[in-house]
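Student: Just so you know, the sequences run in chain order P and D.
Each residue of the first sequence is one higher than the one before, counting from 3 in the numbering used here.
Each residue of the second sequence is one higher than the one before, counting from 3 in the numbering used here.
It cannot be assumed that every hint is accurate.
Heads up, the list lumps identical chains together, so a pair's fine if it works in one copy or across two of them.
Stated by the list, open to error - Here are the simulated DMTMM-like pairs of lysine to aspartate or glutamate, each with C-alpha atoms no more than 20 Å apart in a straight line:
| no. | residue 1 | residue 2 |
| --- | --- | --- |
| 1 | Lys267 | Glu321 |
| 2 | Lys169 | Glu286 |
| 3 | Lys120 | Glu208 |
| 4 | Lys120 | Asp95 |
| 5 | Lys120 | Asp97 |
| 6 | Lys120 | Glu93 |
| 7 | Lys17 | Glu237 |
Hints listed in this document are in silico derivations from the structure and should not be mistaken for laboratory results.
For reference, the chains in residue letters:
Protein chains: 2
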Amino acid sequence: MKVLITGGAGFLGQKLARALLARGTLSGAHGTQQKIDQLVLADVVTANDFGDPRVRVVTGDIADAGLLRELVDADTASVFHLAAIVSGQAEADFDLGMRINLDASRLLLEACRAAGHKPRVVFTSSVAVYGGQLPDVVRDDTALNPQSSYGTQKAIGELLLNDFSRKGFVDGRVLRLPTISVRPGKPNKAASSFASGIIREPLNGEQAICPVSPSLRLWLLSPRRAIAALIAGHELSAQALGNSRTINLPGLSVSVAEMVAALEKVAGPEVTARITFAPDPAIERIVQSWPGAWDVSRARALGLEGDADFESVIRSHIEDELTPAK
Amino acid sequence: MKVLITGGAGFLGQKLARALLARGTLSGAHGTQQKIDQLVLADVVTANDFGDPRVRVVTGDIADAGLLRELVDADTASVFHLAAIVSGQAEADFDLGMRINLDASRLLLEACRAAGHKPRVVFTSSVAVYGGQLPDVVRDDTALNPQSSYGTQKAIGELLLNDFSRKGFVDGRVLRLPTISVRPGKPNKAASSFASGIIREPLNGEQAICPVSPSLRLWLLSPRRAIAALIAGHELSAQALGNSRTINLPGLSVSVAEMVAALEKVAGPEVTARITFAPDPAIERIVQSWPGAWDVSRARALGLEGDADFESVIRSHIEDELTPAK
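I would like the entire structure built from these sequences, with the hints used as guidance.
Tutor: Here it is in structure tokens:
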């Protein structure tokens, strides 16, 4: 089987690629495990191929219909669609967000439909689809009311994937990812970038600025658990999903103050002293519109699990990113 | 001011045009009533201009970006976007539904954005945005889970209009219309076509086939009230709408059996004897996925009203459509 990852050069794409190459198989057309013969990593920047002969790197514009038709062929059994313009950037550049988050998603679904064999498509969505007047605890059947263009575009992608699945064009599943923390690397233009930065930068001996108040609650998932959920979500049978292909993944509901306290416990007060609070109303407005507490009984019933606590999230970040490979 | 109605040759478009011409004004940029100098009726078929010099009829493809840019200019203060492919047809012809219900809506919003003066846009949506496991009573904040391509496309249009409004590109409002009954004219390809046919055809001395069971509950609005709601929805201030531009209009929750009983009361058993029940599983599946009972407190608080009872709906149909003009 052939597997395609869009956004394959990104942080999640690269981690997912490593995990799939190590695993070697995925559930195929009839629910049996099949060997991954080729893993296509498509992105606008050139992905790392890990020196693995199964990897094919394709560099190009994911909103180009021609490229997508070339990427999805008769052997493409599974697609992980991770390519996206992040929230802050989609808010600043409306047309770019529409082009990548909406048009490219639709073109990808059309390419899968044209392939004719109902590929399995895993689509990542976001807490940003929620907003406005929210109940204390958000459930899978709480109405979407995005207060950002990113959230709007993700919500539209969810609707399209559900309808393309219902029509039998693809076998899709949408995983609504909590905010991923701790992301390795540099800050990005996501409004939630600080949710990694306030842990990552202090651990690296750098200053971090937190643009939201300590009481703000976030809904977080570690990179390790996110990758595990992407694969577990892929492996679910279509029957298990019923009449909605969209699943809220289990996250940790933690306040910024609790994150800082966990960091202090793991790394000491000299590390947390590197965090400065400097509220940014634009970021606070976006992030505050996302819910902090969730009912994820459906995800749990489907066997999808989050992290145990935020201390273990910090420890796994240190193990995966800050511990020299032996 | 200039007003544009897309789907202006359709049954609602023509009734709305008559009502606007009779009224003569609409709320303008600063909330003051302004004279309607030109009413543009755009449709793929040629609209009736009622011999009124204020009417300009444009015949063309509403999914053509060039036509839309021509339709929306610096004087276009208000747009009523009624053009749509109905549910049954959008299910049968997926690409046509996507083109008219999604692409044309987006192109229209882009044309309004390009005009630069934040036109007021009234967009009609549908009960078909709901589906799946529903609560007994649907509220404005019940999650959308459309079980048809039409419902999916309408839900996407709602999301786009909300985001274009939030960004300040348009001043939009979405009215989720109950199933309109009694529509005049011929049956159409909407899955809900029978909801008018079982009243209209027997009153015309014709046989009618009801494809759903008598116990099925519908959520109905008369053409008179629909037109009143479109205008009242236009007149609402943006402030009154808060952080959601989408409003469930008040309808009547009635079973098919209650509709038939009301018809018998108004027109007698010889008329209802013309109705035959012949279940069509494809139609029943779509219509059953729509909710039959609603909490419309938000619409009521905004001053939007539905019909008093189904007998009065039948009587208004007889007055408007079956009584010779004096």
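Student: Each hint needs a verdict: does it hold in this structure or not?
Tutor: Results for each hint:
1. Lys267 / Glu321: within (16 Å within a copy, 77 Å between copies)
2. Lys169 / Glu286: Between. Shortest inter-copy distance 17 Å satisfies the 20 Å Cα cut-off; intra-copy 39 Å does not.
3. Lys120 / Glu208: neither (48 Å within a copy, 45 Å between copies)
4. Lys120 / Asp95: Answer is between: at 19 Å across copies they meet the 20 Å cutoff, but 33 Å inside does not.
5. Lys120 / Asp97: between (30 Å within a copy, 17 Å between copies)
6. Lys120 / Glu93: For lysine 120 and glutamate 93, the Cα distance is within 20 Å only across copies (18 Å; inside one copy 33 Å).
7. Lys17 / Glu237: within (18 Å within a copy, 52 Å between copies)
Taken one by one, the earlier hints fail for this structure only at number 3.
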